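**Q** Going down the list, the protein sequences come from chains A and B.
The first sequence lines up with residues 1 to 300 when you count with the numbering used here.
The second sequence lines up with residues 301 to 706 when you count with the numbering used here.
Bear in mind the hints are in silico, worked out from the structure with no lab data behind them.
Since the model is a prediction, treat every value here as computed from it, not as a measurement.
Among these hints, one or two may not hold up.
Unchecked claim - In silico BS3-like cross-links for lysine-lysine, where the CA-CA straight-line distance does not exceed 30 Å:
(1) K683(B) x K127(A)
(2) K618(B) x K138(A)
(3) K44(A) x K683(B)
(4) K167(A) x K413(B)
(5) K422(B) x K185(A)
(6) K386(B) x K185(A)
(7) K185(A) x K413(B)
Chain by chain, the residues:
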Amino acid sequence: MWDYSDTVKEHFFNPKNARVMETPDAVGDVGSIQCGDALRLTLKVDKETEVIQDAAFQTFGCGSAIASSSVLTEIIKGKTLDEALTVTNQDIANELDGLPPEKMHCSVMGREALQAAVANYRGEVWKDDHEEGALICKCFAVDAVMIEDTVRANNLRTVEDVTNYTKAGGGCTACHEGIEEILSKVLAETGEAFTAKASRQKLHEAKEPVKVPGKGMSNLERIKRIERVIEAVRPQLQRDRGDVTLVDVDGDTVFINLVGACSGCQMASLTVSGIQQQMMEDLGEFIRVVPVSAKTGATA
Amino acid sequence: MSDDVYLDNNATTKVDQAVVDEMLPFFTMQFGNPSSMHSFGNNVGRSLKKARQQVQALLGAEHDSEIIFTACGTEADSTAILSALKAQPERKEIITTVVEHPAVLSLCEYLEKDGYTVHWLKVDAKGRLDLDVYAKLLDERADQIAVVSVMWANNETGTIFPVEKMATMAAESGVMFHTDAVQAVGKIPMMLADTDIDMLSLSGHKLHAPKGVGVLYLRRGTRFRPMMRGGHQERGRRAGTENVASIVGLGKACEMAMKNMEYENTEVRAMRDRLQEGILAAVPHCFATGDVENRLPNTCNIAFEYIEGEAILMLLNKVGIAASSGSACTSGSLEPSHVMMAMGIPYTAAHGTIRFSFSCYNTMAEVERVIAAVPPIVAQLRKLSPYWGEDGPIEDPEKLFAPTYA
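Make the full structure from the sequences, and use the hints.
**A** Next up, the structure:
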C-alpha cells in the first residue's frame, strides 16, 4: 500500500470540483487510457481580467491522480491565467503534503493539464515536452527517459556522472544496476562499451583521502610532537604537585613516568588516558601510553 | 480489522492458529540445531523429518528426500532454473511463458542478458498456451534446451496450465521440466510421483504457513547443482541452518491443506462463483479475465472498464475489503500487468483489473457484502472518469477525449 498523506486521501475520497462543466472557456486534456492516467481540466475564465472563476476536472487514474487533479482546481481558482501558470508540479505535491516518488508523475500531469487548458483558451497549441519512462531512482524520482537523455546530451560515462547531472543514484544506490544498464545501452549506440572499471575509479577519486597527520612523519618529528604534548600537560599536573616525563617511544607505545602527587594517585589512569588521547589527536595515529617508573625504564 | 473481508489470499494468507501452535515450541523449548549431536538437536531433527513427510504427502512425491526446504518460492525457482543451466552447461536455452511470476520472468530476462536464449510461449485471449508451438519448439531445439519452466497456475487469473502433459512432452524430448506451483499447491490435488515433473517450487505463506519458507521438489535422479553451498543441510543441496519453526509450520499447513482440499474445491469454489456472478450481474462493462472454465477454485479476476484499479482498491479498502489489482499504479510501474497485456486485454480494461482470491476462512456473508459494495464504488469512479458519459462509456473515447499528446 502506498504511504499516502491524509491530505491525498482526503482529496481522493472527497474530491473537489469533480464534475462535468457546461460550456467551459478552456479545456485541457492530457494523458491517455493507455498510460492509465488521463485528466480533463475545464475552466471558466473572466474575459476582462483572465481570472479563473471556476475549475472542474474529470480524471481516469489512481488515487494520487485524482487527488492531484482535485487539489489543482483548488489552487488555481481565483488566480489569473498567468499566475496559475507559475504553479509547479512540486506546488501541487506540496499542497498534498507530498506524494510517493513513484507518484510524482501524477502531479506533473496536473500541471500539464493546466498548461494545455491555458493554451486552449489562448488559441495556441500546447506541445508536451515531457516523455515519461520507468522510474529508476526512487530516492530522487528520476526516470529512465530523463537519465537516457541526460547521458546522451552530456556524453556521460559513469554512474557518478549520472548522479552529478540528474541526482539519480545519489541516495540509497540500489538503482546503480539500472543506471549501468542505461549507460551500456546509450554508449552502445556509438559503439562504445560501458566499463564498470571507469565508474569505480571515478568513485574512488571522488573520495577525499583521509588526512593522516602522523603518516609520513620522520621519527624525530614524531618524538618532537610527543614531547610537545607532554610539555603541554605538565603545567596542569604541576599545579596538582605532580609531574610527567617522557621515558621512551617504541613504535606506537609511549612510555611515560608519572611523578610526585601523580604517582600512585587514583586518578593516574585517567591522566594516562587523557595524555594518550591528546597524542592520538595530535599525531593522527594510534598511540598507547604506558606509565613506567623512571628507574626501570622502557624495559618494564 | 476483524470485520474486514480479506480477499487477497493469492498475495499471502493468514497463518492458521493450529500452525502457530505447532511452531511455538521450536522458538523456546525445542531450540536445538538439528545437526547437533545431543538431544536438544535430535528432537528437532525428527520434527524436520515429519514436516518433510507432510509436504511429501501433499505433493504426492515418491520419496521424502525429494523435498528440499528453502527460504521462499523465489529461491526454489532460482535454484531450479540455475541448477538446470549449471548441470548442463552445453545447453543454453530455456522455454518459459510470458505470464510467469516475476520470480521466473525476471530471472529469465536477466539470463537473456547473460547470453542465454529464452523461448517465450505466448498465451491467447483467455491466457491459454498453444501446445503445438511448444511441441514444435521441443522438436526443433530439444538438444539445446536446458529446462522448461512453466507455472502450474497463474497468480493473477488463476488459469491452470497443463503442466503434467507439458512435463511428459519435455521428458520425451529429454528436457528437464520445472513448474512454479506456488499458487497451485494446496488448491488442486497433485500426485507428482505419477508425473514427469522434475522440479517444483512452492511457498509456505500461500497456504497458511508463515512467510520465509518454501520448498523445491527435486525428483530423485534429476541432475542438480546447489545454489547455496556450505553445510550439509538438506543433504548438501541447500546449505544453511534450517528455519525449523517455519518448516514445522509448513508441514502442519500441508497436512491441513490435504484435509481441506475438498472444501477448497466445493465450498470455496462456490463462494468464488457467487462473487463473480453477483458482480457481473450488478456492474455494466466488466468481465472476468483468464480461462474461467479452467482455473484455481479460489481466484477470480474481474476487469472494470474505464476506471483505474488502484482507485478501486482504495475505495474498497475504505469499506474494509482487501483485494489486489493488475493496474500499473499499484506497482509503481508504467505498464499494467504483463499477464493482462499478454492476453491482449484492452487498455480500457487492463488498468481496472481487480483480483479477488479466497481462502477457507471466507464466508458467503462476506461474499454478499462485497457484491453490495462494488457497484457503487465502480459508479463513483466512472462518474469521475472522462471516458464515461451519463450512463455508459463515451462513444468513441479516442475522438471525444483527444489530448494533444498521448
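**Q** So, for every hint listed, does it hold in this structure?
**A** Going down the list of hints, with the structure as the test:
no.: 1; hint: K683(B) x K127(A); in the structure: 28 Å, holds
no.: 2; hint: K618(B) x K138(A); in the structure: 27 Å, holds
no.: 3; hint: K44(A) x K683(B); in the structure: 21 Å, holds
no.: 4; hint: K167(A) x K413(B); in the structure: 27 Å, holds
no.: 5; hint: K422(B) x K185(A); in the structure: 27 Å, holds
no.: 6; hint: K386(B) x K185(A); in the structure: 28 Å, holds
no.: 7; hint: K185(A) x K413(B); in the structure: 12 Å, holds
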